[in-house]
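Engineer: Chains as they are written, first to last, in the numbering used here: chain C, 1 to 302; chain W, 1 to 150.
If you're looking for bench data, these hints aren't it; they were derived computationally from the structure.
A portion of the hints provided could be inaccurate.
To be verified - Okay, derived cross-link-like pairs now, BS3-like style, lysine-lysine, Cα gap no bigger than 25 Å in a straight line:
#: 1; chain 1: C; residue 1: Lys15; chain 2: W; residue 2: Lys111
#: 2; chain 1: C; residue 1: Lys251; chain 2: C; residue 2: Lys213
#: 3; chain 1: W; residue 1: Lys89; chain 2: C; residue 2: Lys15
#: 4; chain 1: C; residue 1: Lys15; chain 2: W; residue 2: Lys83
#: 5; chain 1: W; residue 1: Lys90; chain 2: C; residue 2: Lys15
#: 6; chain 1: W; residue 1: Lys111; chain 2: W; residue 2: Lys136
#: 7; chain 1: W; residue 1: Lys11; chain 2: C; residue 2: Lys251
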Amino acid sequence: MNINDIVNGILAGDKRMIARSISLIENDESAREAIIERIYSHGSAKIIGITGPPGVGKSTIIGNLAPMLAKTGKVSILAVDPASPFSGGSILGNRIRMQEALSRYNIYMRSTSNRLYEGGLSEYSWDIIKVMEASGSDYIIVETVGSGQSDLDIMNIADITCVILAPGLGDEIQAVKSGLMEIGNIFIVNKMDREDSYMAIKDIRETLNMSNKADIPVIGLNSLTLENYDRFVKYINDWEYQNKYRRNERKIKQIIMEKIYRIYSEYINNIDSADIENENPYYAAEKIMKNVAGQKFGYLEK
Amino acid sequence: MESGKNQKFIKPPIKVLLAKPAIDGHDRGIFVLARAFRDAGMEVIYAGLLPTPEEVVDTAVNEDVDVIALSLLNGAHMTAFKKVMDILKKRGINDIAVVGGGIIPDEDKPKLEKMGVTGNFGPGTRLDVIIDHVTKRALEVRELRKNEYK
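The whole structure should be built from the sequences, with the hints applied where relevant.
Structural biologist: And the structure:
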């Protein structure tokens, strides 16, 4: 197996090669750049972002949505789950909720850990989406980690951002007003069989209307009976897809940040906490940066 | 690893698929293992209850795991583990390690080893023994893949 086999496999839609290339992207920097260089210009897909707080039913909705989209095109799914801040390990549990659909409709799905990257996605989500695009997908569904108010990276990657909420978050809806409530192109209230679900729709509708977003739909879904999914699918298909420019701009900035970080992390890691314990942090940081410019390590000149 | 620091992963984490490839609902043990593997810094995927052997292999291939960890407590290991191994062999996949566990009688263990299912730990096994074994198998597989790619 070499890089050409892998690239040809991706372009032919071979799942084993797609899977292997995603591992290489996550783990190996030189392979990552080589793969992206070769597949960059291939494919175009509609990228559907699914985000929302933990436990509202994001994975379940994807499990129902993917087969419906699979009628009109090839679907791939990327799901991100959080890594443990203590061990770095993670339990990737999204697949359980959609396994049935995956096997039956021949959908490629990949679960990734965010590897402690902040913002709701993983550092290499862009690259993985690119691989899925090159494999001939028409739709790519991206599921974020169960997001808080500020996990908003999805809006820069997805063409359409679907914010999933559930009844019972009633009071919290006020709390997430800025942040999550601003990035949705469509709002979904899942678990419509629950009490208070219509109140939740009303609350979200009011919040949106207050910020002049009356044209953004709020759809109530029942994932047990598949009620209202037809409206959801129609909205996704009718959406005008146009985000490529911002997506690339964001990625380029991220790559530059990463390269700068790598250059300077050596200096940052070499700071000895004993040297700066009693210093004014602003002054200490200024001095360290001056030392960096002079190619010296640490705070004190040694 | 220090908590709360946005630091890079220097070593790629080991990816493990946990599965019970037959009609067996005893999932307490596999949950304990899932947590133990997570705490050992691995990325863990659990296949859920009642996957078929085909689904287990499909999942393993799509997720590109290093190790498939199979567990059965209902006595079907000689059939179900064998089926997983047969499917792997049929598809020509030799770079995924398979380890086993559950209620496995001593006389079955050599047969499973011969099939390629190693470990075969029973109840009461210390978690660090299992983690060490999985890590060892994963590193063997990684070594294989390294040679393949370059």
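Engineer: Hint by hint, say whether it matches the structure.
Structural biologist: Hints and how they fare:
Straight-line distance between C-alpha atoms of lysine 15 of chain C and lysine 111 of chain W comes to about 32 Å, which puts the hinted pair past the 25 Å bound. The hinted pair formed by lysine 251 of chain C and lysine 213 of chain C fails the criterion: a straight-line CA distance of about 28 Å is larger than 25 Å. A threshold of 25 Å between alpha carbons decides the hint, and for lysine 89 of chain W with lysine 15 of chain C the separation of about 17 Å falls inside it, so the pair holds. Pair hint lysine 15 of chain C plus lysine 83 of chain W holds up; C-alpha atoms about 21 Å apart against a cutoff of 25 Å.
Note on lysine 90 of chain W and lysine 15 of chain C: the hinted pairing holds, with a Cα-Cα distance of about 16 Å set against a maximum of 25 Å. Simply put, lysine 111 of chain W and lysine 136 of chain W have alpha-carbon atoms about 21 Å apart, close enough for the 25 Å limit, and the pair holds. Under the criterion of a C-alpha separation no larger than 25 Å, the hint pairing lysine 11 of chain W with lysine 251 of chain C is consistent with the structure, at around 24 Å.
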